[in-house]
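Engineer: Based on the sequences and whatever the hints tell you, model everything.
Chains as they are written, first to last, in my numbering: chain A, 2 to 234; chain B, 7 to 238.
If you are wondering where the hints come from, they were derived from the structure by calculation, not from laboratory data.
Predicted model, so just to flag it, every value in this text is computed and none were measured.
Virtual Cβ for every residue (Gly too), placed ideally from N, Cα, C.
There's no promise every hint is true.
As the list claims (entries may be wrong) - Every beta carbon over 10 Å from chain B, so not counted as near; a handful from chain A, in silico:
id, residue
1, Thr13
2, Arg25
3, Ser73
4, Ala74
5, Leu110
6, Asn129
7, Gly138
8, Asp201
Stated by the list, open to error - If the Cβ cut is set under 8 Å, some of the chain A residues that face chain B in the computed set are:
id, residue
9, Arg27
10, His83
11, Gln90
12, Ile94
13, Ser97
14, Pro101
15, Cys120
16, Asp121
17, Thr152
18, Asn185
19, Asp224
20, Val227
21, Val230
22, His234
Unchecked claim - Simulated restraints, written as ranges between beta carbons of each label pair:
id, chain 1, residue 1, chain 2, residue 2, range
23, A, Gln202, B, Arg71, 29 to 39 Å
24, A, Thr126, B, Asn10, 13 to 23 Å
25, B, Thr75, A, Gly171, 54 to 64 Å
26, B, Glu67, A, Thr67, 19 to 29 Å
27, A, Ser88, B, Asp152, 44 to 54 Å
28, A, Gly171, B, Thr107, 38 to 48 Å
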Amino acid sequence: MAALRIGVAWSTHFPGGGWLNKIRYRRLRYSYRAPSFVAEGMTAGGNVLSFLRFDEGLTLADLDGTTTALASAVDFFYVSSHGTCSSSQYKLILHSGEWPVSGADLGNLGPAVATFDTCDLVDLTDANWQAPWQTAGLSLRLLLGFASPATVAENSTLRGREFTAKILAGDPIGPAWLQAVHQNGYPNTDQAIALGFGDDQADADWALHDMTLADLRKPRQLDTPVIEVAVCH
Amino acid sequence: MSLNWTTLDPWELPEWMYGQQSGSDTLPAAYALAHPSELVAHVAERFPARSTAGGFSVRLEDDERMLRTVLGLVSELDGRRASRDEPAEEGGRFGVPTAVTAEYSLYVDGVQPVGPGGRITVYGRARRLEAAFHLRRTRLGGRWRDPGDIAREALAAFGGELTPDETLRAAFGYYEASGWEQQDLLRPVFVVLAERLRRDDEPRWRLASVHAASDVDEAPPTAGIESVTGCA
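Structural biologist: Dropping the structure here:
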């Protein structure tokens, strides 16, 4: 298998925006752990770490294309921080600033797999929750995150270790994420979600349930994706 | 029965903790745990599995038969009662398929597990069974801790106060780590969650903290919960 390009990032504290943000966004002292497990495991597995950015080193301009679009330059993107979802709009909260993420920001060149290890990638109570992701670029096959608050604790962040170990062992990526979150979370709390993107229902179902690291460079052919989804519980 | 979290105001926490302690007929014992290699050896004798620090993972061919085998193993090796859970936050209510198709909590002396471990989970579509439990060895005595001290410790872990739109939830039981952590002591604990759950323009979040419910003879207060004490 050809080496994959890996990008990881995290934010632990949120001073940007003044004193109000310090109250709004609790410090996440362990948000470094899951991306670090991913970086360590994936590089030990023979893949290439293209970037590792955190806190003040991870800016909106690095992500939204103003200076660069970091996530588009890798096959496998994993970020941990605060996240919010309101009126179908997901936002990744950065050390300074917020990145409103939609499908259009992902998959034009890469990544094939994007993991947002934050609260509320989607809001399942919103009937239109899939709409922002219908614009995903052709490369994006799997979007992973939470449909609930996400516990960021020393034990629960072991999800990064279990997720990486499983996919390096050849397990399908989507199920590995759902299992890793569920197995390291407190009962009846964190709800992991996985979205598979395909040209038709069977292709999206394959991306969601069967795609492994060996399959990552198989982009879709059609502009508008079919999306298949699963949650852990 | 699945775990039910109790929602509390911060000032209610010591009284609720006292109620949990006084409601127990006897102080739940703590247990020194066996080295994971013991469980690995037992499992290897019976079926092929992928072992981790505190559990194992099995590829399923026949769900029901393997589930019976694993539940039998848990009972035989550790004398635990398994209780099938009903998921409380199932994605099914939004029409989204769920990966977990069956889950069992592994009770110790009639007390529920409240950590990530102490569970057998079946992922039907993925054809996988995950078991997270540790074998018990020596039973250790102890005494209840003062609930006021525990409550102060728990609130301090979250910065000492919560705003009106933040929620406190708690549960009492045994803390068992996930299959990815080695653990050497199983003990009764209080798990406390501080959360912001309201859906609006503000971010939601969840922090967790775990606190020993009892002092255990010959063990420090953080033994068995080293990775989860303090603010998350």
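Engineer: Of all the hints given earlier, name the ones this structure violates by number, lowest first.
Structural biologist: 2, 11, 13, 14, 19, 20, 25, 26 and 28
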